[in-house]
Structure formats: structure tokens, C-alpha cells
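Sequences and hints are given; from them, build the entire structure.
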Amino acid sequence: MSRETAALEETDAPTDRPVETLDVADLGPPEPLRRTLELLADLPAETVLVQRNDRVPQLLFPKLDDRGYAHDAVETDDGVVTAIWVANGEAATDGEAATDGEAATDGGATTDGETTTDTQSAAGAGR
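Just add 615 to wherever you are in the sequence shown, counting from 1, and you've got this note's numbering.
Because the hints were derived from the structure by calculation, they are not lab data.
Take these hints with a grain of salt, some might be off.
[Said to hold, decoys possible] With a cut-off of at most 20 Å between alpha-carbon atoms, the simulated SDA-like pairs for lysine to any residue come out as follows:
id	residue 1	residue 2
1	678	661
2	678	638
3	678	689
4	678	659
5	678	643
6	678	628
7	678	695
8	678	702
9	678	653
10	678	660
11	678	644
12	678	646
13	678	642
14	678	649
15	678	631
16	678	627
17	678	688
Quick look at the structure:
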């Protein structure tokens, strides 16, 4: 069991849904927020996104609330794990999610189990 999965069990997130994991711990602002919102726009509504970060993503929470997502963060020994899922109905559409200067991507990430999106290779060596 991964540390993200263990931390997920400590949240209020649904346990009967597919899980997608996004590790943004090594990225500087605003990349964690941007990548999280982009991925959420592409995920099926039934998927729970588990974000691993080195800090509590305080600026992300109001944006999630505005888009109809519930969230719960748990501090771990090496960072913060935030579970994000669609709350009561549907989240905002792609057009609505691409507000405040964030662009939605066209990639379609679907899962039927736990998968991991590693952003370190995309970020490159220099930050």
C-alpha cells in the first residue's frame, strides 16, 4: 500500500472510486495548482485525485470549491496528501474550469484502478 493510499484512508474521500495520483511536491508555485486543475478537468467525475505536495495547497481550496469539488488534506511525515473528488453532483465543465488564467488540456486520462502521474520528468531538472 502506497503512502498516498494510506493517507487517503484518513480522509473523507469516497473509497469505492478509481484513484489518480499526482505528485507535485517538487514543483514551485504556481505549477502544483495549475497541474492539479488541468488534470481534474480531464478526469472522469467518479475518479478521486490524490495530490502529493510538500505543503498544504491553501490557494487551491477556493478554486476547488468554486468548481464543485470536495477536498480533504492529511499531513504525512514527508508532506501533505490532498484527496479531491466531485461533491454532490458534477464538477464544473472544462470551459468553467479554465478560468482565472488556467488552461484545460485536451488529454483524456481515465483510470479503472490506481495510476500515478509523475510531473518530475515534465518539469525538467531546472526549476
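The hints, checked one at a time:
no., hint, verdict
1, 678 with 661, "holds (19 Å)"
2, 678 with 638, "holds (19 Å)"
3, 678 with 689, "holds (19 Å)"
4, 678 with 659, "holds (18 Å)"
5, 678 with 643, "holds (18 Å)"
6, 678 with 628, "holds (18 Å)"
7, 678 with 695, "holds (18 Å)"
8, 678 with 702, "holds (14 Å)"
9, 678 with 653, "holds (12 Å)"
10, 678 with 660, "holds (17 Å)"
11, 678 with 644, "holds (15 Å)"
12, 678 with 646, "holds (14 Å)"
13, 678 with 642, "holds (19 Å)"
14, 678 with 649, "holds (11 Å)"
15, 678 with 631, "violated (25 Å)"
16, 678 with 627, "holds (19 Å)"
17, 678 with 688, "holds (15 Å)"
The structure shown violates just one earlier hint, number 15.
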